[in-house]
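The numbering of the sequence shown is our numbering, which starts it at 2 and goes up by one.
You may find that some hints are simply not true.
[Claimed, not checked] Now the in silico label distances, taken between C-beta atoms and shown as ranges:
#1 Arg349 with Gly282: 22 to 30 Å
#2 Arg388 with Arg84: 46 to 54 Å
#3 Val198 with Leu368: 33 to 41 Å
#4 Asp135 with Leu367: 49 to 57 Å
#5 Ala6 with Ser117: 43 to 51 Å
#6 Ala6 with Ala262: 36 to 44 Å
Derived from the structure by calculation, the hints contain no laboratory data. Nothing here was measured: the structure is a model prediction, and the numbers come from that model. All residues carry an ideal CB built from backbone N, CA and C; glycine is no exception.
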Amino acid sequence: MELKAKLAILADAAKYDASCASSGGRARDSSDGRGLGSNDGTGICHSFTPDGRCVSLLKVLLTNFCQYDCLYCVNRASSNVQRARFSVEEVVHLTLDFYRRNCIEGLFLSSGIIRSPDYTMEQVVEVARQLREDHDFRGYIHLKTIPEAAPELLARAGRYADRLSINVELPTEAGLRALAPEKDVGSIRRSMARLRVHIDAAREQRREADEKPVTVVPGVRPARAQPPHFAAAGQSTQMIVGADGTDDATILGTSAQLYGAYALKRVYYSAFSPIPHAAAGLPLKAPPLVREHRLYQADWLMRFYGFEAAEITPPAAGGMLSLDVDPKLAWALAHPERFPVDLNRAPRELLLRVPGLGVKAVERLLLARRVRRLRSDDLKRLHVLTRKVLPFVELADHRPRGEAPTPSPERMPEQGVLF
2 MELKAKLAIL
12 ADAAKYDASC
22 ASSGGRARDS
32 SDGRGLGSND
42 GTGICHSFTP
52 DGRCVSLLKV
62 LLTNFCQYDC
72 LYCVNRASSN
82 VQRARFSVEE
92 VVHLTLDFYR
102 RNCIEGLFLS
112 SGIIRSPDYT
122 MEQVVEVARQ
132 LREDHDFRGY
142 IHLKTIPEAA
152 PELLARAGRY
162 ADRLSINVEL
172 PTEAGLRALA
182 PEKDVGSIRR
192 SMARLRVHID
202 AAREQRREAD
212 EKPVTVVPGV
222 RPARAQPPHF
232 AAAGQSTQMI
242 VGADGTDDAT
252 ILGTSAQLYG
262 AYALKRVYYS
272 AFSPIPHAAA
282 GLPLKAPPLV
292 REHRLYQADW
302 LMRFYGFEAA
312 EITPPAAGGM
322 LSLDVDPKLA
332 WALAHPERFP
342 VDLNRAPREL
352 LLRVPGLGVK
362 AVERLLLARR
372 VRRLRSDDLK
382 RLHVLTRKVL
392 PFVELADHRP
402 RGEAPTPSPE
412 RMPEQGVLF
């Protein structure tokens, strides 16, 4: 099979892995003969760094042949799909070629299971090794690791990859047994634990190296020996939403446990998509995409806003997130006793629970109120969306529901410059 044909098959087969997916853009392509490139096909996806930079990645499978028969997977053993397989050298060639053409900045590589988990993992790691050692490739590499593979192979993968990920696939052990009987929750969790140990150990070694004194020799620039990195961007995972009857409360509870136990960077949620020749045990329709969106919003609240999973999906809601309003607003409407929040007095933890206030907006408010008592007009200057915020807050000149503002006993200057 020609390389171009393999790329078409194996890039399309990788689209179901959401851990580096991009979405929300207007579809554009050059099929009409005008322009160059496309943003609605498969093969190149976008990931985002902690400082907000967008990184374009070549996203492919090493092969879509697979010994496993996971019912939700289009590449399962019993699926009637066209198969293809790259050699290690072909993936290396494609990555370097796309990089030199300035199409990508890195590689996202996954694979079906061929021969054995160890053999497959050896092939995946060899791609990364050749890129790093033989070609001095310094771009981003994300490897999808195989939990059943030997620990030493996972350890080698972390030497070359920026990020490693192991998919838990489904939020409950019962769901995994029913839909992916060849996979084992214990094996997945053990591999995640091993990766965390390696990541934590590498960071500790680098911290200790940074704290060691450097010997200064006249005329020679001081150099500090640094231990090698191990998956410096951490590890992540993915859960399929809607392939079984698991509710949102269970999904978020599993995510919270994974974040706490394995220090994951991200849990990705992928709405189940009906696949060709689907098994009878799968739903006939996909869940609404807004459910996936609400789970990401709830996940954000747990990671950055101090919410507990149980708060976001209380028992009264039947374990499901509202599809009509975002989880933060839903929580605020369910807890009227916590509002209004005085923006001039409330601690950071409470400000983060106000609908319409993000992390950066809260930091700006905390800095601004050191200078003067905040008023309604100040919110606009601080780029706060007043339409969402004002019904839930109290300011020097504002109380919701038309009530008169209560004078504050604090002696703070009424005039001042915010910037």
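- Message: Within 46 to 54 Å: is that where the Cβ-Cβ distance between Arg388 and Arg84 falls?
- Response: Because 53 Å falls inside the window, the suggested range holds.
- Query: So does Arg349 sit 22 to 30 Å from Gly282, Cβ to Cβ?
  - Reply: Given a distance of about 47 Å, which is not inside 22 to 30 Å, the answer is violated.
- Message: I want to verify a distance hint. Is the separation of the beta carbons of Ala6 and Ser117 within 43 to 51 Å?
- Response: Violated, since Ala6 and Ser117 (Cβ atoms, about 27 Å apart) do not stay within the stated range.
- Message: For the hint 49 to 57 Å, verify it against the beta carbon of Asp135 and that of Leu367.
- Response: 50 Å, holds
- Taking the beta carbons of Val198 and Leu368, is their distance inside 33 to 41 Å? 39 Å, holds
- Task: Given the hint of 36 to 44 Å, check if Ala6 and Ala262 actually sit that far apart at their C-beta atoms.
- Result: Hint holds: Cβ distance 42 Å, inside 36 to 44 Å.
In this structure, the earlier hints numbered 1, 5 are contradicted, and the remaining ones agree with it.
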